[in-house]
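Trainee: These protein sequence lines map, in sequence, to chains A and B.
Position one of the first sequence corresponds to residue 28 (the numbering used here), numbered consecutively onward.
Position one of the second sequence corresponds to residue 28 (the numbering used here), numbered consecutively onward.
Worth double-checking, as some hints may not be accurate.
Any copy, or any two copies together, can satisfy a pair, since identical chains are not distinguished.
[What the hints assert, rightly or not] List time: in silico EDC-like cross-link candidates among lysine to aspartate or glutamate, alpha-carbon distance up to 20 Å:
{"hint": "1", "residue 1": "K88", "residue 2": "D215"}
{"hint": "2", "residue 1": "K110", "residue 2": "D95"}
{"hint": "3", "residue 1": "K88", "residue 2": "D207"}
{"hint": "4", "residue 1": "K73", "residue 2": "D108"}
{"hint": "5", "residue 1": "K88", "residue 2": "E53"}
{"hint": "6", "residue 1": "K88", "residue 2": "D219"}
{"hint": "7", "residue 1": "K88", "residue 2": "D78"}
{"hint": "8", "residue 1": "K110", "residue 2": "D78"}
{"hint": "9", "residue 1": "K110", "residue 2": "E97"}
{"hint": "10", "residue 1": "K110", "residue 2": "D155"}
{"hint": "11", "residue 1": "K73", "residue 2": "D169"}
{"hint": "12", "residue 1": "K88", "residue 2": "D108"}
{"hint": "13", "residue 1": "K183", "residue 2": "D171"}
{"hint": "14", "residue 1": "K110", "residue 2": "D133"}
{"hint": "15", "residue 1": "K88", "residue 2": "D191"}
{"hint": "16", "residue 1": "K88", "residue 2": "E209"}
{"hint": "17", "residue 1": "K73", "residue 2": "E97"}
For the record, the hints were derived by calculation from the structure and aren't laboratory data.
There are 2 protein chains.
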Amino acid sequence: MASPVTFWFEFASTYSYLSAMRIDAEAEARGIDVTWRPFLLGPIFKAQGWDTSPFSIYPAKGANMWRDLERRAETYGLPFDRKAEALFPQHSVLAARTAIVGLQADWGRRFCQQVYLAQFARGLNISDPSILADCVAVAGGDPDQALDLAQQQPQKDALRANVDTARAQGIFGAPSFLVDGELFWGDDRLEDALAWAQRV
Amino acid sequence: MASPVTFWFEFASTYSYLSAMRIDAEAEARGIDVTWRPFLLGPIFKAQGWDTSPFSIYPAKGANMWRDLERRAETYGLPFDRKAEALFPQHSVLAARTAIVGLQADWGRRFCQQVYLAQFARGLNISDPSILADCVAVAGGDPDQALDLAQQQPQKDALRANVDTARAQGIFGAPSFLVDGELFWGDDRLEDALAWAQRV
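Build the full structure now, drawing on both the sequences and the hints.
Mentor: Shown next, in the form of structure tokens:
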């Protein structure tokens, strides 16, 4: 019996895009249950003294990340457009709160994937409620109801609690995977995390 | 005909250890030529405002790195001892200059591997000339001659030139792999770099 995996993701995170598109198929093939938990890196980065993404603070690191992302997306057969770079890092609070609504219903994961595709394959602004509404609709939810719920206190509290929980578990970047107390960081550790879940 | 790969490594770098132990066998199996080039991350980190390793500056990131390194070393069948953490990051200038001597002879790569094993499998201090002398001897070089040469101006200049070249090529971390102008960063991109070399 494989252990469950918690998938911690941030909508503004480039490598979270790759994992969000890959994780369910990879986990299902191994018989592993996955729980999706959106969080925000902003407060965690701020505590480290950064006021934006390290990819923006350190230009050589950022340049390599975009090229690496492009190569990796091609390897995985995922669409990617470099114009996404112009808006990076995007404000992801409303998307994350909307994901919390969707993940309590049955359209959450498809919504998350639509948000990532809007951002990284089409270069759209995912802080725009109309873009998010389109993503909810494609995912099979009710856009008006979802965005209304997303802006209510329970969803704000739930997202804040996710950030606190992430930090308490030693999470410092995204995507991260937690399996039986083991933390794996980065899309390139997805397979390691799934192997750990099957370790017994 | 596969393209050649340049392997940029820093002796103090934990993930460079994994690549230094893996790259030649992986490259040989694919018919790829590899050039080893030691450099120093200190001057590059300093230019980014860091006075030590980011793994030391950011504790959550550091904690994850050590655990990840332990897991990855086990996967690769490489020895690793957590006591290496106590001396991290080590002063690597003399080791790097000695490597430059060895890489001009025929014992350089074995020397590099011995230095990494001394540091990460045995927890030894690789800034200690007697430790480096042992590594030279095991690798098949003349320890006295090698350490004497390592402290002469041509080797100092060569290492400085390596740092300048690394920075000019956009290198910001170690290990890094350069193939036909494509930069790959991290031991977890070694296979990507080798695949790129065979891309044609």
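Trainee: Are the hints correct? Go through all of them and say.
Mentor: Each hint tested on the structure:
1. K88 x D215: both (17 Å within a copy, 16 Å between copies)
2. K110 x D95: Classified as within: same-chain Cα gap 15 Å, cross-chain 33 Å, threshold 20 Å.
3. K88 x D207: For K88 and D207, the Cα distance is within 20 Å only across copies (19 Å; inside one copy 31 Å).
4. K73 x D108: neither (28 Å within a copy, 33 Å between copies)
5. K88 x E53: neither (28 Å within a copy, 26 Å between copies)
6. K88 x D219: Close across copies (17 Å), not inside one copy (24 Å); limit 20 Å.
7. K88 x D78: So K88 and D78 pass the 20 Å test inside a copy (16 Å) and across (17 Å) alike.
8. K110 x D78: Close neither inside one copy (22 Å) nor across copies (34 Å); limit 20 Å.
9. K110 x E97: within (11 Å within a copy, 38 Å between copies)
10. K110 x D155: within (17 Å within a copy, 50 Å between copies)
11. K73 x D169: Neither, since 34 Å and 51 Å both go past 20 Å.
12. K88 x D108: within (19 Å within a copy, 29 Å between copies)
13. K183 x D171: within (17 Å within a copy, 66 Å between copies)
14. K110 x D133: The answer is neither: 31 Å in one copy and 48 Å across copies each exceed 20 Å.
15. K88 x D191: Result: close only across copies, 17 Å inter versus 27 Å intra.
16. K88 x E209: between (27 Å within a copy, 14 Å between copies)
17. K73 x E97: Answer is neither: 27 Å inside a copy and 29 Å across each miss the 20 Å cutoff.
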